[in-house]
Structure formats: structure tokens, C-alpha cells
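*Asks:* Each chain, written out:
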Amino acid sequence: MEVDIPEETQEEVAMRIRPHWGRILVWVGLLTLLGILAWGLIRARQGPVSVENQVPDFTLTTFEGENIKLSDLRGKVVVLNFWASWCKPCEEEAADLEAAWRHYQPRGDVVFLGIDYVDTEPEAKAYLEKFDITYPNGPDLGTRISQAFRIAGVPETYTIDREGVVRHRQIGPFPSLESILAAVDPLLGQ
Amino acid sequence: MKIICLALVLFGASLLASGVGVAQAPEPAVVSDDQVNAIAKQLYCPVCENIPLDVCGTQACAQWRELIRQKLGEGQSEAEIKTYFVAQYGDRVLASPPARGLNWLVYVIPPLAILAGVYILYRALKAWKQPAPQVSQAEPVAAPSDEYVRRIEEELRKR
Chain X
-2 MEVDIPEETQ
8 EEVAMRIRPH
18 WGRILVWVGL
28 LTLLGILAWG
38 LIRARQGPVS
48 VENQVPDFTL
58 TTFEGENIKL
68 SDLRGKVVVL
78 NFWASWCKPC
88 EEEAADLEAA
98 WRHYQPRGDV
108 VFLGIDYVDT
118 EPEAKAYLEK
128 FDITYPNGPD
138 LGTRISQAFR
148 IAGVPETYTI
158 DREGVVRHRQ
168 IGPFPSLESI
178 LAAVDPLLGQ
Chain H
-13 MKIICLALVL
-3 FGASLLASGV
7 GVAQAPEPAV
17 VSDDQVNAIA
27 KQLYCPVCEN
37 IPLDVCGTQA
47 CAQWRELIRQ
57 KLGEGQSEAE
67 IKTYFVAQYG
77 DRVLASPPAR
87 GLNWLVYVIP
97 PLAILAGVYI
107 LYRALKAWKQ
117 PAPQVSQAEP
127 VAAPSDEYVR
137 RIEEELRKR
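Top to bottom, those sequences are chains X and H.
Using this note's numbering, the letters of the first sequence correspond one by one to residues -2 to 187.
Using this note's numbering, the letters of the second sequence correspond one by one to residues -13 to 145.
Honestly, the hints are just simulated from the structure, not real lab data.
Here the structure is a predicted model, which is why all the values come from computation and not from measurement.
There may be inaccurate statements among the hints.
[As the list claims (entries may be wrong)] Sample of chain H residues at the chain X side, in silico, Cβ under 10 Å:
hint: 1; residue: Pro32
hint: 2; residue: Val33
hint: 3; residue: Trp50
hint: 4; residue: Ala73
hint: 5; residue: Gly76
hint: 6; residue: Val79
The beta carbon of each residue, even a glycine, is placed where N, CA and C say it ideally should be.
Looking at chain H on its own, in the form it has when it is part of the complex (with noise of 0.2 Å):
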């Protein structure tokens, strides 16, 4: 009997030791409120428009940061939980709108319109910094050609 009981007291003190007997699902990390707005300033709830996550007051948006909370407590990196809020509510909801589709044209006229305004102003200044054409002398009138001009012009010269 007591070899029986000094088994079991072992085999328990074994199960202790090594975790196996008391195994329990990890418990979610602890989440600070910076850490969710990190993720959250760059979102923008599609019901409050142009009010960022982080500070808007909505309950939607409310709900939205508790389950960015949630998804980091799970150990979900800022990627993830970006694509998935993507996939559950559209490209609209991020800040910067993904490079693709119509959207490259946000990404690709400022660049060129501040490289036609610099070409612009480079021809402007070209032009003004260049001295004014000189303004050539009449140059002689030829002589009529036409036979009646001529003769006009002689009968008149004769009054």
C-alpha cells in the first residue's frame, strides 16, 4: 500500500513538474490601450467618416478597438489584423488606400503635378530672365512687281 501511494505521490509530483497535468489554454496577453490606437489611428470606421479609430466615439468604433484588442491579445501581428479588417469591410477603411487599381492615382499625380508646376516655373523664369527680342528695322519695301502698281504709282508721282 504505502509503495502504491509513494507511486501515485510521484507520478502527481512528476505531472507537476513537467505542466502536462495541469495544462491550460495560455491566457491573452494584456493589451495596452497605446498599443490597440496604434493599429486604430491607422483605420477609419466607414460609418464616421474621416474620424480615425483611435479617437472616434462611435460604439461601431468602440467595438472595432475592442476587437483589435481582442485579435492582439490572440498574438496577431498589426498585418494581419489590417487584412482582416480589410477583408470584412473593404479597402475604405484604411488610411492609406492600398496601391492598386484606381488608387495608384493618388499615389502617382501629386508626384507629377509638382513636376509640371517645377518644369512651369523653370520656363517662366527662362522667359523672364531672357532679354527682349530686339525689334529689327523695317525692312525696305520691295519694288511693285505688278505692272499696274507700277504705273499707278508713276501717274501719281506725275500729279
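Looking at chain X on its own, in the form it has when it is part of the complex (with noise of 0.2 Å):
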């Protein structure tokens, strides 16, 4: 026996049975925008590099206009410090860093690097002259830098091994020169 169904109710089963590509793409979108609002989230929250991980790669291109890739400093230890010249906590160690430096450098494994965050040119350069800073300085270009290493502020070191994983992070300027070679001296050795 053949049953007939009103017209309307077979509209509605077709109804039923479409897929409601509205609601589809809306519920797409929405979880899309949540997932990307989470991953910023979470790398928001993700700090610095910290010490034992490995170092993001960069390239600097100092003041002077030299090119320096810290991949191509493997085997050497690294002194990276991030400075402003509008910081002034980054002046209470500017003269230890110097000295560091010439402590080191004719030993020929130690590289001092200066990323000048978020700065102005006249004024950075002023500041490596009133410190008589030698080693290599060049600004963060767009903050690429400082965005890698998710630096939290100015200044910021990190000592880098041989190997380039972060060994020691200093928060702030380091207290003395004393500080600095303790942070460094143990990586010579290995």
C-alpha cells in the first residue's frame, strides 16, 4: 500500500537531509579563530629562551655593516646581550661587558655580541663611544631578535656554549665583572 506524503513534508525531510553549509563554515571559522588565539596564547606565555635550550638563529648586521650569523659562531662561546641606549640599567654593566670582553678576546673562542633594542641610531652610537664598547653591536632589525629570544625586557644576556644551547641567562644587568667571567669560564673548558 503506497502511503502519500504531503508535498510539505517531503520539503522538509529534504531540509532535513541538506547540509546546512552556513552553520558549517560559521563553526569552521569560529574554531579557527579559537585555535589561532590559542597558539598566541600559549607562545605569549612560552617566556624566554631559557637556559638548555637552543639558541634561535639570527643574522646581525652590526653598525658597522658586517654580517654575523650566530650558527657560523659554532665552537665558540657566545656573550649575547640585548641594551638600549635609553636603558639606564643597561649602563651599570656596559664597562664590565667591555672588560669582559678584552679579558677574552685573545683567547679567540669568546664572541661578545650587542643587540641594540628598539633604538635610535645617533643615540646607540653615542652610548658604544661613551663606553668605549669594541666588541660587535647592530641594531634588532623590526625586532626579529628580541621576538626569537622573547626577551622580556633590557638588559638581557644570554651565555651561549659551544654547541649553542643557552647555558646562563642574566635578567638585568649583571652585578660586577666577577659575575660575567663565572658565567663564562665554565664553558671554556668543555
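Join these two chains into a complex; the hints should help.
*Replies:* Set out below in C-alpha cells:
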């Protein structure tokens, strides 16, 4: 026996079976947005590159125009200092950093690099001249290096071993020349 | 001798008149605070987040404003100065992020959200205005076709 289904009911059935592309699209969009938001929040909570972590690679163009690639310095101990001319605590350690650099320079296996964070070039150069800083320094163009290290501020200094692993992280200025030597010396024998 | 002196005087006078002999580097134009702030308010220093450069009181921001003044004095346009700051410090110094990469979402999502809201409101109002569907009368129960059920009902009627 054939059952006569009213026309309206057939339409309703067709509506029920048909996928609701609009709703699917909205949900996909919402989930994508939430994913992006979660990714951003997780990244923001990661904090700076910590001790025992491999350092992110970068190329620093110094104020003199020389390009220095961090990965090219493998086999050497690297002291990476983030600073700025407007940063008063940076001034507290500037002379000690230069003294430490001059202490290690004859060895040839220790490199000091200064990353000038969010600064203006004339003031940065004046700062380098004021403290007679002779190790390579360059601007953090596009703040790419500081973002890769996720620094919290300046000054911040990373002591990196010969394999490119962070062995010491100094948040704020080094209190003395001895404290810089204490961060570098243990890495020289490795 | 007089002729030589006269020639020298005339030569000097002609140099002065043409400006060749006394040519100096053009002095930078005087730039007002308003001109500096017109650009500074479109920039944000990464050091002091969420504070526009024109009202930020840190030394870093003061240096940036001075840099803007210097570049305006050199005759650079607003676009050139902003391009310089982006190259030096990244996109995040701009108050309005450039429409590329994920930044597109900032420009696309709000209008889309508004359109979706309008559509939902329209649907809700439409459903609200429509009269409630009449409750259809109960359809007569079809006669039981099952022989077993029919016999049970027959037995029940007999009692």
C-alpha cells in the first residue's frame, strides 16, 4: 500500500537531509579563530628562551655593516647582550661587559655580541662611544632577534656554549665583572 | 693694478649674486611639535605597549619623536618616515597593522561578525512575527492491520 506523503513533508525531509553549509562554515571559522587565539596565548606564555634550550639562529648586521650569523659561531662561546641607549640599568653593566670582552678577546674562542633593542641610531652610537665598547654591536632590525628570544626587557644577556645551547641567562644587569666571568669560564673547558 | 682690482671686485660681486661662492647646506626646516605628533600618534613604541608615541613619557619614545622631527626636517614625507620605523622596529609599531598575512583577520572579522549578527537578528524577528502554526487535529487512528491486534481488540470488546 502506497502512503501519500504531503508535499510539505517532503520538503521538510529534503531540508533535514541537506547539509547546512552556512552553519558548518561558521563553526569552522569560529574554531579556526579559537585555534589562532590559543596559539598566540601559548606562545606569549612560553617566556624567554631558557637555559638548556637551543638558541634561535639569526643574522646581526652591525652598525659597521658587517653581517654576523649566530650559527657560524658554533665552536665558540657567545655572550649575547640585549641593550638600549635609553636603558639606565644597561649603563650599569656596559663597562663590565667591555672589560670582560677585553679579558677574553686574546683567546679567540669567545665572542661578545651586542643587540641594540628598539633604539635610535645616533643615540646608540653615542652610547657605544661613551662606554668605549669595541665588540660587535648592531640594531635589532624589525625587533626580529628580540622576538625570537622572547626577551622580557633590557638588559638581558645569554651565555651560549660551543654547541649553541643557552647555559646562562642574566635578566637585568650583571652586578660585576666577576659575575660575567663566572658565567663564561665554566664553558671554556667544554 | 686698478684693472685687476676691479676685475676681482666684479668677480666677487658676481659670485655673491649667483650664490655659488657662498653656497651652504640648506638649513633643516623648523618642525613644530604638532607636525611631529601628527605622525607620532600613529606609532607605538614596543617598550611601552598601548601608549601612543605622542603621549608616551619614556626616554625611548622621546628619542623616537626626536627622530621623527629630524626626518621631517630633512624633508621626508609621513609615508617615508613610517616605512623607516617599520623597517627598523617591525609592523607592531603601527597603530593600524598593514593588511597582509594574519593581519587580514583584523579587517575581515568585524564586518563579517556584524553581518552575521544582522542576519541572526533578521531571522529571529521573522520567526517572532510569524503566527504560531495551528495545532492539527489528531488524525483518526488507522484501523489495525495486524490480525493479532485485531483479535485482541475483539476479545476485549466482548468482555
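*Asks:* Holds or violated: is the Cβ of Gly76 of chain H closer than 10 Å to a Cβ in chain X?
*Replies:* holds, 4 Å
*Asks:* Holds or violated: is there a CB of chain X closer than 10 Å to the CB of Pro32 of chain H?
*Replies:* holds, 5 Å
*Asks:* Report holds or violated for the interface hint on Ala73 of chain H, using the least CB-CB distance to chain X and a cut-off of 10 Å.
*Replies:* Holds, because the Cβ-Cβ distance from Ala73 of chain H to chain X comes to roughly 7 Å (cut-off 10 Å).
*Asks:* Double-check Trp50 of chain H for me: the hint is only fine if its C-beta lies closer than 10 Å to a C-beta in chain X.
*Replies:* holds, 7 Å
*Asks:* With a cut-off of 10 Å, does the beta carbon of Val33 of chain H approach a beta carbon of chain X closely enough for the hint to hold?
*Replies:* holds, 6 Å
*Asks:* Answer holds if the nearest beta-carbon of chain X is closer than 10 Å to that of Val79 of chain H; otherwise answer violated.
*Replies:* Holds, about 9 Å.
Figure legend: structure checked against the earlier numbered hints; every hint is met.
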